[in-house]
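Heads up: the sequence lines are chains P and S, in that order. Each residue of the first sequence is one higher than the one before, starting from 7 at the first, in my numbering. Each residue of the second sequence is one higher than the one before, starting from 1121 at the first, in my numbering.
These aren't lab readings, by the way, just hints derived from the structure by calculation. Among these hints, one or two may not hold up.
As the list claims (entries may be wrong) - Incomplete in silico selection of chain P near chain S, CB under 8 Å:
no., residue
1, 299
2, 603
3, 607
4, 608
5, 609
6, 610
7, 612
8, 613
9, 614
10, 616
11, 617
12, 667
13, 668
14, 669
15, 671
16, 672
To be verified - Derived lysine to aspartate or glutamate pairs resembling EDC-like cross-links, with alpha carbons at most 20 Å apart:
no., chain 1, residue 1, chain 2, residue 2
17, P, 471, P, 431
18, S, 1276, P, 678
19, S, 1153, S, 1183
20, S, 1450, S, 1435
21, P, 62, P, 518
22, P, 343, P, 302
23, S, 1176, S, 1149
24, S, 1276, P, 697
25, S, 1276, P, 693
To be verified - A short list of chain P residues far from chain S (calculated; beta carbon distances all over 10 Å):
no., residue
26, 84
27, 227
28, 373
29, 534
30, 589
31, 605
32, 615
No residue lacks a Cβ here, since even glycine has one placed at the ideal position from N, Cα and C.
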Amino acid sequence: MGLPRGGFPALLLWTCLLGLSAADKQPDEKPLALVGGLIRTQTEAGDFVGCLVVDKGRIVALGPDVQPPGNARVVNVSGCVITPGLVDARGVVGLNPSAASEGGRDGTLDILDAVDPYADDWRTAARHGVTAVAVQPAGSGNLGGSGAVLRIAPAETPTDLVIRSPAAVQACLGIAPRAETPATSPLLDLLRSRGFQIPVQPQQPAAPPPATTLTRYAQYEQLRGQFDAAKRYAENPPARKDRARELLAEAIRGRIPVRMEVHYEDDVRNALRLAADFNLRMVFERVERCRVIPEELSKSRCGLVIGPLWPERPSIAIRDLVLGSSGGREGVGEARKFAIGTYGSDPQSTAALRFHAASAVTAGYPRNRVLSALTSEAADLLGVGDKLGRLAVGRVADLAVFAGDPLDPSAPVRLAISQGRITHENWEAEAAETPRLVGTSTPDKLPNRFTLRTRRLLAPDGTWKEGALHVSDGRFVAESQLAGDNSVVTIDLGDLAVTPGLVSGHFPLTAEQTPDADASHLRAADLLFAEQPRLRSQREAGMLWAVIAPGSANVLAGVVTLTPTDGPTSDAGKTPAITERAPRDIAFKGVLTASARNRDRYPASLAGQYGLLSDRIRGMNSETRLYLPDPIRQALLAERERRLDLVRSRAWPMLIEAQTRAEIEAALRLAEQFRIRILLVNPRDVDGLGEVLRSATVGVVLAPTRPTDAERTVQALSRLASVGVPLALGGDAVEMRTTAAVLAAAGTPRAAARRALIAADVETLAPTAAASRIAPGSPADLVIWSGDPLDLTSRPVAVIVEGKRVAGSAP
Amino acid sequence: MLSHGKTKMRPWCFAILAVVVPMTAQAEDLFIKASRVYTLDGPPLAPGVVHVRDGKIVAVAGELAIPPGSRFRDLGSGVLLPGFIDAASSAGLDGGRTESTVEVSPRIRACDAVDPSHSSLRRLCQQGVTTVHILPGTDNVISGLSCILKTSGDRKNRVLREDHGLAITTSSDPTEGNSSRNRPDSPYNRQPTNRMGVVWILRSEFGLATRTSTPDRAVLREVLSGARPVFCTSRLDTDLLAALRLREEFPMRLVLVGGQEAYRVRQQIAAAKVPVLLAPLSTSAGIGPESTETILNLPGVLHEAGIPFCLTGGDLLDQARFAVRFGLPKDAALEAITVQPARVLQLEQRVGRIQAGRDADLVALSGDPWDGTSRVLWTMIDGVIRAEEP
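Given only the sequences and the hints, what does the whole structure look like? Please build it.
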């Protein structure tokens, strides 16, 4: 392509401009104005759409009518939600992994000594809108020492990270008594004390010795003794400072809270006694572990740090304790302040904070309370209410901008500012929609013929369209077929979302390890009866079809079956009213991952797995080590051949489980060498492979993916859909939706993520896609959601199978 | 800012030149000038220029007319070497190095378990290694087929040979963990249990291959017909002699791998004209695997005995420097990481020298290769720089 005339002067000019703009681009120098977003201040000012201006690390203007200053970098964030930066009330971001697990019982530990300022774990947390984390010695000791609240940001020294330190005293009651192995031998100590020269044996850096060996009663007595001593210390400060006493004295003076981890009911009572006797500000954690929550706690006003709430479900008893309501039960007391901790042992866990929050929402915590638990209440409980948790003029800027609802984990984070410094920016990822208020409901019993109207019907391209669905006798019909029938009921769902049922692209069943790595004769459908309860529970969660597969213990794992999660609906003996619902075998499964490698059985290596698979596809005879009478042996081997013939003739695709890059390359080579149709299952290391997979038209079924997975893996997986690789998701309904949310937050187009939920793009699973189609003539199967299924706070309001409501709860 | 402006101007310059001068050089022509070019084909050129096009070396000489419009790279005081070749490596192997459930697995292919983007291959590329011969592990008596890759490049073209040679061993590795009392009635019982058993299995497998035909034995027949080389890992003098004896009984193109005690049997190896791929050299390897007794000047001794040998083990320039430090002539050390491995791997026509018509696999060093402070500036594979010093 030639350059236009006068190209050179234009180029010069352009270069100059480039230089100018580069010189100007110093974001910290210019005020930053965020315009048009919904600002949720967490102060008395409430929520409003307006403008927020940050200058020199502080919020200098905030309000619905504020105009951005002339020199500001103005960013339009309309449609976004601005909240204070999220606070993880218990994490290990920024800590050295081994130091993070250390506890103590004399109160001398300072968590700042465990901080590794060079760790770059903060990036992942920042990417999810978290700007601060509370860290403290591990709960393996009764009295570890001081905790701190840290920024989530890059730093040069540990003190760079400190928002407040000491911020709390870490204490714990109810640790199971353990035997202690003495670090040194008493005999050697005695000999050394008598002057014997005994060389010190270099010791293996073993696991830290258990920090406590005391019975629970003694633990309490010891803790009490330490507070007694600290009280005397505070009253008559000696000349020589004692670090541990000083820390406890601060707690007695009420300047920092005691974060008390409790394991048993009486621990709570003992802790409350300590709080009363020493006038302590007590914050409880791990109360979930108590089987019975004592009444004293309900009556006290002590704050709570709850968690982890994900992937486990939150405790309902704790919810009632926190919210101060229990459906009329006596003695539950008033609402109290609470915060949410992720309690992970690795720094990535903090990235999942919004998943914990979404889990709280689905367990019945009000959305507003959850947001304040992540921001203002957390800040107050942790004693940093002046620096974190609220948006107001004059405060240090600590905020996050969400492209959607802050509690929707699939909403990408546009911007995170931790203590005045930008820690994350992403203006590309597709925004989530802000949740709309839903006021409609679905009737419990649906008539035989009805019409559903909704403003959010999932279109084949994965976007939402306004639409109407006409149902007659369990099937979708064209509108004309209902015309003229006055008895047809029209149900207006308003903003409720309507989708086909979710389709799990890979729902592994129990693994059966056979003496032969060739288990082609196994068939997932034969386990249907046993697995029916597990599958049926998925129906309530919105999954209507599953590709069930034999487990991954064998290299040739067997036949994969597509089945409805509710099984045949009609009575036994009768042919199903709707024949599409019969389970059918649709594919074969091969395994290249380590789970099928077995030292006691060929093969034990990837090369061996490839060798076995290629031999069998090539047509080499199967062998068996099973001791069988000859006719049965022959029948077994013939059965294996029959299944593989369908793969060889391309009638069936082969689902190949492959995780690492070498395994994925081997799978692709198999497909190319033998011209078989394949579908990759559970690949992880796909960085840079998107284009290869797309051009080879290989579909992918993703393994359940979590926000705590390695950032690089998540990014690579999220790019697959963007380059056009057909995606389906594996696992159960919750795992699938988590995967979809993680991908959407990382930048996968939301429409593609929704299509993946119903396996719409994966052609090799064509019958699967057909099964979940909304079209005249198909069975009237659908799921009505309270919101976008990508948003983990939404849930199925109604699950409809063949025109009948089979599950779901009122919104 | 200034440099940005410059890079933006360059295409514009080319556009003008293209108008003024008729197309004398293609855009992909690249000329690299270095203070020394070790062609491995006669004494080094000082200075020298290498002309690269379409992934191949077009010409190399002390001076070349550089047509206007072609790309030019001047290394200044830097030097240019052919890309190094690691002739015995396990880089990139993932998911088990040996199919250890059976002791004889000739059809297992290393290439089926290689991760081409593995960090170990990237590291090799950064160290100047451009071609790597990946052997399956030594836990089997006959462990499978090796493959030859470039250490970087696009997925298809970088594979030079998918299944090259057969890896066998006359060491004690396959006996590890086996015992005659170990579940003798079990179908999972594995042979052999001692060194004699290792050699016996080799002898019986090669013997059977001449008489019976199964897919496994077809591979052994290819070996016996000379179509496939054999890479035999042997470390002790007795094991090395056992390998040589086996070669006398069954005609095969034998290459010895390891060779820690090769100095003790150098006459026999020299007489057999069998090349040796030496295990990585190290000062701490006084007693190596299987209690071998190695010597620091092992490469020098083999060189004097006239045995063709290669240095292996990743950082090949460092290996060559080590060998030179303890007595190997410099020329021989360079050959042991370039020409010799190319010859052993039968890739002489493609790699190993800087010569017209060969692959443009080049390593640029910041200075004299024997100066311990010289470092790899960049590594070029098939005409593309794949690793460059940041």
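Broken hints, by number: Those not satisfied are hints 1, 17, 21, 31 and 32.
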